[in-house]
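**Student:** Sequence:
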Amino acid sequence: MAPDSQENRSAGILWMLATIFCFLSLDAIMKHLLESHSLVQVTWGRFFFATIVAALACGPRIGALAISRAPRLQLTRSVLLMSTTGMFNAGVRSTPLATATTIMFLTPILVTLLSIPLLGEKVGLRRWTGIAIGFLGAVVVVRPWEEDLAGVGGGVLFLLVAALLNSNYQIITRKVRHDDPLTSLLYTAAAGAIVTSAMLPWFWDWPTAFDWFLLLCSGVAGGLGHLCLIRAFRAAPASVVAPFSYSSLVWAALFGYSIWGDWPDLWTWAGAAIIIGSGLYIFHRERIRHEDR
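Residues in the sequence shown are numbered from 153 upward in steps of one, following this note's numbering.
Don't read these hints as lab results, they were simulated from the structure. A virtual CB, placed ideally from N, CA and C, is assigned to each residue, including glycine. Do not rely on the hints blindly, as some may be mistaken.
[Said to hold, decoys possible] For each label pair, taking beta carbons as the anchor points, the in silico distance ranges come out as:
| # | residue 1 | residue 2 | range |
| --- | --- | --- | --- |
| 1 | Gly306 | Trp358 | 21 to 31 Å |
| 2 | Arg329 | Gly215 | 16 to 26 Å |
| 3 | Val291 | Ile411 | 25 to 35 Å |
[As the list claims (entries may be wrong)] When the alpha-carbon atoms are kept at most 20 Å apart in a straight line, the in silico EDC-like pairs for lysine to aspartate or glutamate are as follows:
| # | residue 1 | residue 2 |
| --- | --- | --- |
| 4 | Lys274 | Glu438 |
| 5 | Lys327 | Asp414 |
| 6 | Lys327 | Glu438 |
When you get a sec, could you build the whole thing from the sequences and use the hints?
**Tutor:** Quick look at the structure:
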C-alpha cells in the first residue's frame with residue numbers, strides 16, 4: 153500500500169479522532185477528580201498509570217527504548233509536559249472545559265512565534281498576520297475588559313501559562329524526533345510519575361473505589377492518546393491529520409454540557425473560530441514553505 157494512499161489518509165484521520173477523544177476524556181476525568189482531590193494527586197494518577205501503559209507498549213524492548221540519544225532534552229521535555237499538565241489542571245478546575253480547550257488552541261500559534269528565537273526560523277508577514285489574529289481570538293475568549301476574566305477569574309491565566317509551556321514542549325519534541333516515539337512516551341510518563349510521587353505524601357487523601365477507577369482511566373486515556381497520535385502521524389502526513397485536532401472543541405462542548413451543564417457562550421465560539429482560522433492559516437503557510445524548499 154502506498155505510503156500516502158487514500159486508505160492511509162483515512163486511517164490517519166481516524167487515529168487522530170481517537171487521539172482527540174482520549175485526550176478530552178482525560179481532561180474531563182481530571183476536571184471531575186479535581187472537585188474532590190488535590191492537584192498533585194490527580195496529576196500523579198495521570199502520569200503513574202500512563203507509565204504502566206507506556207511500559208506495556210514498549211514490551212520486551214523497554215530496556216533499549218529507555219535509552220535516549222538526547223536524555224537532557226527528554227528530561228526537559230518531560231518537565232515541560234508535567235508543568236503543562238499542572239497548569240492546565242489548575243486552570244480547568246474553575247473553567248468550563250470548552251473554554252479551556254479553546255485557550256489551548258493557542259499552542260500552534262505560540263509554537264510559530266517561539267520558533268523564531270528557539271529554532272532560528274524565519275516568519276514572514278503572512279504568518280505574522282496569522283499570529284496577530286490568533287492572539288485577537290484569545291482576547292475575545294479571555295475578555296480582559298470583564299472584571300472576572302470570561303466569568304472564571306484567574307483560571308484562564310493558568311491556562312494561558314499552560315499553552316505557553318505546551319508550545320515549548322512541542323518545540324523540544326521536534327528536537328528529539330530521532331528518538332523512538334515510545335522512548336519519548338516512556339520518559340514523559342515516568343518523569344511525571346516520579347516527581348509527583350515524591351510530593352504525594354503531603355497531598356494524599358484516600359480515593360473511593362470509583363475515584364481509583366477514574367485515576368486509572370486518566371492514565372490509560374493519556375497513554376493511549378499519545379499512542380494513537382503516533383499512529384496518526386505514521387499513517388498520514390501532518391497536513392492531513394493535524395487540522396482534525398480542532399474537532400476537540402466539539403468533544404469539549406459535549407463533555408462540558410453533559411457533565412457540568414456548561415455550554416460555550418457566544419464569545420467563546422467567536423474566539424474559537426478566530427483562533428482555529430488563524431491556526432489553520434499558519435499551518436497552510438508552513439506547508440507551502442516546506443513544499444517550496
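**Student:** Please go over all the hints and tell whether each is borne out by the structure.
**Tutor:** Taking the hints in turn, this is what the structure says about them:
1. Separation of Gly306 from Trp358 is about 29 Å and conforms to the stated range, judged on CB atoms against 21 to 31 Å.
2. A hinted range of 16 to 26 Å for the beta carbons of Arg329 and Gly215 is consistent with their spacing of about 22 Å.
3. Checked against the hint of 25 to 35 Å, the C-beta distance between Val291 and Ile411 comes to roughly 28 Å, which is consistent with it.
4. A C-alpha spacing of about 11 Å is found between Lys274 and Glu438, which places the hinted pair at or below 20 Å, so the restraint holds.
5. Restraint check for Lys327 and Asp414: not satisfied, since their Cα atoms lie roughly 38 Å apart, outside the 20 Å limit.
6. Simply put, Lys327 and Glu438 have alpha-carbon atoms about 18 Å apart, close enough for the 20 Å limit, and the pair holds.
The structure fails hint 5 only (numbered hints given earlier).
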